[in-house]
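**Q** Sequence:
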Amino acid sequence: MYNFLYMSEQVHNRLAVIRAERSVSRKQLAEAVGAHYQTIGHIERGQYNPSLDLALRIAEYFELPVEVLFALRPFRPLSHELYGVERTHGNHGRDDHEHGSADRGAR
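Numbering (our numbering), first residue to last: 12 to 118.
FYI, nobody ran anything at the bench for these hints, they're computed from the structure.
Just so you know, these numbers come straight off a predicted model, no measurement behind them.
It is possible that part of the hints are untrue.
Said to hold, decoys possible - Here are the simulated SDA-like cross-link-like pairs (lysine to any residue), alpha carbons at most 25 angstroms apart as the crow flies:
#, residue 1, residue 2
1, K38, R25
2, K38, Y48
3, K38, H23
4, K38, Q49
5, K38, E92
6, K38, L67
7, K38, D64
Using the sequences and the accompanying hints, generate a full structural model.
**A** The following block contains the structure:
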């Protein structure tokens, strides 16, 4: 039985981020879900798409909904998730009114 499928449409994932956050090695995850540790690496790098069965076992292992780990579209940057805004260079997530009273007085 294969633990992954090669398909033309890439399945995007946050597997490496979740693994690192929870201090789980590829080998630990692989053993827990019945896969080879190299398969986990291939999935993380987007070289292979997990089978539905494997994706569900991985989600169950982390006690997360499968859509938190895998998606057909790229995930939004984590800054969107954490801050609700996209940071730009020089702005650092601040609105114009937060740049100081001198700016407001000149308007």
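**Q** A separate judgement is required for each hint: does it hold in the structure or not?
**A** Checked hints:
1. K38 / R25: holds (17 angstroms)
2. K38 / Y48: Within the cut-off at roughly 5 angstroms; holds.
3. K38 / H23: holds (21 angstroms)
4. K38 / Q49: Given that 25 angstroms is the threshold and the Cα spacing comes to 8 angstroms, the pair holds.
5. K38 / E92: Cα-Cα ~29 angstroms, so violated.
6. K38 / L67: holds (18 angstroms)
7. K38 / D64: Holds. K38 to D64 sits at ~18 angstroms (cutoff 25 angstroms).
Hint 5 from the list above is the single one not met by this structure.
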